[in-house]
Amino acid sequence: MGTLYIPIKALFENLGLSVVIPPPPSKRTLALGGRYAPEFACLPMKLNIGNYLEALEAGAEVIIMGGGTGPCRFGYYAQVQNEILKDLGYQFEMIVLEPPQGHVLELYRKIRELVGSLSLRDLKYAIQLAWDKVLAIDRLQVEVHRLAGREVERGRVNREFEAGLGAIDRANSFAAIRQAAEESLLKLKAVKVRPPAQKPLRVGIIGEIYMVLEPFANLEVEKHLAEMGVEVVRKIFLGEWVRDHLFLNPFRLGRERARLLKLARPYLGHFVGGHGLETIANTVEMAGEGVDGVIQIAPFTCMPEIVAESILPRVSQDHGIPSLTLYLDEQSGEAGLLTRLEAFVDLLRRRNLAPLNANLHRAPIDRQFH
Amino acid sequence: MPHKVGIPRALVYYNYFPWWRGFFEALEAEVVVSGETTKQTLDHGVRLAVDEACLPVKVFFGHVLELSRQKVDFIFVPRIVSVERKAFICPKFMGLPDMVRNAIPDLPSLIDVTVDLRHRPKRRLWKAARQVGRQLGASPFRVIRAVFGAQKRQRVFQDLLVKQLTPPEALAAMEGKSRPEGSGKALSGKAAENRDNWLPQEYPGAKRLKVAVLGHSYNIYDQLASQNVIRRLREMGVQVVTADMLPAPLIRAGNQKLAKPLFWTFGKKIAGAAFHWLGNGGVDGIVHLVSFGCGPDSMVGELVQREAWRGKTTPFMLLTLDEHTGESGIVTRLEAFVDMLRHRMSLKEKGHPGEQGNPGGEDKPLQKGGV
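Listed in order, the protein sequences are those of chains A and B. Residue numbers are given in this note's numbering: position 101 of the first sequence equals residue 81, and the series is strictly consecutive. Residue numbers are given in this note's numbering: position 348 of the second sequence equals residue 855, and the series is strictly consecutive.
Watch out, some of these pointers could steer you wrong.
[Claimed, not checked] Straight-line distance between alpha carbons at most 20 angstroms, and here's what the computed SDA-like set of lysine to any residue pairs gives: (1) B:K767 <-> A:H204; (2) A:K242 <-> B:V588; (3) A:K179 <-> A:E220; (4) A:K242 <-> B:K819; (5) A:K66 <-> B:K764; (6) B:K767 <-> A:M45; (7) B:K764 <-> A:E63; (8) B:K767 <-> A:E63; (9) A:K66 <-> B:T621; (10) B:K593 <-> A:L77; (11) A:K215 <-> A:L243; (12) B:K819 <-> A:E63; (13) A:K104 <-> A:N(-6); (14) A:K66 <-> B:K819; (15) B:K767 <-> A:I75; (16) A:K66 <-> A:V0; (17) B:K764 <-> A:R235; (18) A:K(-11) <-> A:F72; (19) A:K66 <-> A:L87; (20) B:K767 <-> A:L87; (21) A:K90 <-> B:K767; (22) B:K767 <-> A:F72; (23) B:K767 <-> A:T49; (24) A:K66 <-> B:Q812; (25) B:K819 <-> A:G69; (26) A:K66 <-> B:R817; (27) A:K242 <-> B:K767.
[Claimed, not checked] Short derived list, chain A residues pointing at chain B, Cβ under 7 angstroms: (28) V42; (29) Y56; (30) V60; (31) E63; (32) Q159; (33) L248; (34) V287; (35) I291.
If you are wondering where the hints come from, they were derived from the structure by calculation, not from laboratory data. The beta carbon of each residue, even a glycine, is placed where N, CA and C say it ideally should be.
Let's have the full structure, built from the sequences with the hints guiding it.
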């Protein structure tokens, strides 16, 4: 999932395991996943299976996977994937970290089975190191979003970002991570950008987390937007996800959910699994922050996002923030995506150019038929 | 003037209608049920819902629209989060009232009570009932009586299901026997017609095929959504069983096969029933109906299908339904499936050695291979 492999690799290597990093998702990954995954499974699962197949080909023996309690399908993916891969004749062990017990101690127990001996202090060190990497990556990511839309030399920001990720990946102590992050940040800030006087268009990315974080899955939507001179705004980051799902601090989780519910209240009165509630709440929040438009990215057949999509037009209407919903699967092509992105960005530009006609332009699209 | 409460004949109508009806009628509300699903219901639903919504949700929207045009005072669109411990229904049920409200204009008031029975189910159920009672202006005492009455009706309904009746048949049977006076106009015509033939009929032929129809109740019992699969199979002389006809302990036992319990109520029912039948060979074949893009079924169906392949004894067919499903396509496949089952049965009677083979003809669900 995006850059998650960097901290996870650091975590397990520091625990004494050797980590097989599958090649970055490619057309082949997708083809493998699409072939063996259930037809209506969502794109993240298909990519997941493709990743596992490629990792098993590269000699992996153990697969570690998160679990869940629903209603999103993700919570059952590990079990179905296990069946699929076993039916294909692969020999491996699958470790599933289930949420209520799947916290740090469960991980500790499972890892100790694998490596023999492990002190709690080593575990704590490994987790903290991985966590630092997560935070460092997120810091770079925010900066990339801010700058990429205004860069003078096209693609420069992303190249610096890649270099920064590599440095963070190689760093193996707290000091080294901090240094790598600081240096990369300086390099990013040194990239030549157009003056902020030309206020760039700001577009929010909302939707399902895997699709938002994995550039291969979302057909590099952030890069395309940057090339159109758009600044990307995002509320979903790696750090949030790791904090909420792996550390499981119930108090924080409850507070966060209450905050989201409050934002989404008039439109969606209940959590619906996955990131459906976040999609609605983040749109409301972004509208308040003056973001020009939002793009919802979801895998085809994603249940929570379908609920959110049904409600999004009303939010969009009430808060005057245009929205575009993109469902992606293994059939999606980049050209189709580009056309829609360009049309959407054009619409936002025009809307900003004609403040006098604001009412006209902000008129809701009438979806009713009678 | 009693309130008119509209109940869409869609989604969990086929599971909980007796409860709802008993409850609302005891609160002196008049219950209006939308008609059977028609092409028009579906067309309306398709236009109202987002494209990605599944067939049953689109059907539901069509029913809600029909009720909203019938001048009812309330439409019952509960937010059913969960009906048992550690299981949900589906994310779409959790956002259903919000989806309906944002898609259909000029709605009457919705009764959108949240039903979440994951923890302290009894207390939560009473709370939900009290909430609905308040909305209808009924006294707490009356609510208590209504809940007990509703539960009694639901038990009668469940007993009829175990006697091999499908939910629509069971509802018609209850209707014929105990129709309260002065209400339920929407059902009265149907009831009279169904009273005499609600029991499954015997078909000629020495040995009857027994086929299990798996799927979410709102798909397999909706005559339009399912393209009448159950009736068509019966017309071919096949005895049809569904997961609703299995007693709960058997389904629970079937679910023991899973590495991790499923967290969707319908998924549990489907998987449990399928594993039960695959385990004891109690049926000659299984037909699984899924709606296009159904989230839970993409997982549950995969597990069931793999189990069927591995067992190599019970033929299994998957039919995907959506708003474009044509009648003839379904009929062709059903006929081919039943013909194949008959052929197998005749081979079995002759003691043909080929009978032990894999019905699918494949060795493994999917062979390992490069792309």
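Verification of the supplied hints:
{"no.": "1", "hint": "B:K767 <-> A:H204", "result": "violated (41 angstroms)"}
{"no.": "2", "hint": "A:K242 <-> B:V588", "result": "holds (19 angstroms)"}
{"no.": "3", "hint": "A:K179 <-> A:E220", "result": "violated (28 angstroms)"}
{"no.": "4", "hint": "A:K242 <-> B:K819", "result": "violated (53 angstroms)"}
{"no.": "5", "hint": "A:K66 <-> B:K764", "result": "holds (16 angstroms)"}
{"no.": "6", "hint": "B:K767 <-> A:M45", "result": "holds (14 angstroms)"}
{"no.": "7", "hint": "B:K764 <-> A:E63", "result": "holds (13 angstroms)"}
{"no.": "8", "hint": "B:K767 <-> A:E63", "result": "holds (12 angstroms)"}
{"no.": "9", "hint": "A:K66 <-> B:T621", "result": "violated (41 angstroms)"}
{"no.": "10", "hint": "B:K593 <-> A:L77", "result": "holds (17 angstroms)"}
{"no.": "11", "hint": "A:K215 <-> A:L243", "result": "holds (14 angstroms)"}
{"no.": "12", "hint": "B:K819 <-> A:E63", "result": "holds (17 angstroms)"}
{"no.": "13", "hint": "A:K104 <-> A:N(-6)", "result": "holds (10 angstroms)"}
{"no.": "14", "hint": "A:K66 <-> B:K819", "result": "holds (17 angstroms)"}
{"no.": "15", "hint": "B:K767 <-> A:I75", "result": "holds (13 angstroms)"}
{"no.": "16", "hint": "A:K66 <-> A:V0", "result": "holds (19 angstroms)"}
{"no.": "17", "hint": "B:K764 <-> A:R235", "result": "violated (38 angstroms)"}
{"no.": "18", "hint": "A:K(-11) <-> A:F72", "result": "holds (19 angstroms)"}
{"no.": "19", "hint": "A:K66 <-> A:L87", "result": "violated (23 angstroms)"}
{"no.": "20", "hint": "B:K767 <-> A:L87", "result": "holds (18 angstroms)"}
{"no.": "21", "hint": "A:K90 <-> B:K767", "result": "holds (18 angstroms)"}
{"no.": "22", "hint": "B:K767 <-> A:F72", "result": "holds (18 angstroms)"}
{"no.": "23", "hint": "B:K767 <-> A:T49", "result": "holds (10 angstroms)"}
{"no.": "24", "hint": "A:K66 <-> B:Q812", "result": "holds (15 angstroms)"}
{"no.": "25", "hint": "B:K819 <-> A:G69", "result": "holds (18 angstroms)"}
{"no.": "26", "hint": "A:K66 <-> B:R817", "result": "holds (12 angstroms)"}
{"no.": "27", "hint": "A:K242 <-> B:K767", "result": "violated (34 angstroms)"}
{"no.": "28", "hint": "V42", "result": "violated (17 angstroms)"}
{"no.": "29", "hint": "Y56", "result": "holds (5 angstroms)"}
{"no.": "30", "hint": "V60", "result": "holds (5 angstroms)"}
{"no.": "31", "hint": "E63", "result": "holds (6 angstroms)"}
{"no.": "32", "hint": "Q159", "result": "violated (42 angstroms)"}
{"no.": "33", "hint": "L248", "result": "holds (5 angstroms)"}
{"no.": "34", "hint": "V287", "result": "holds (3 angstroms)"}
{"no.": "35", "hint": "I291", "result": "holds (5 angstroms)"}
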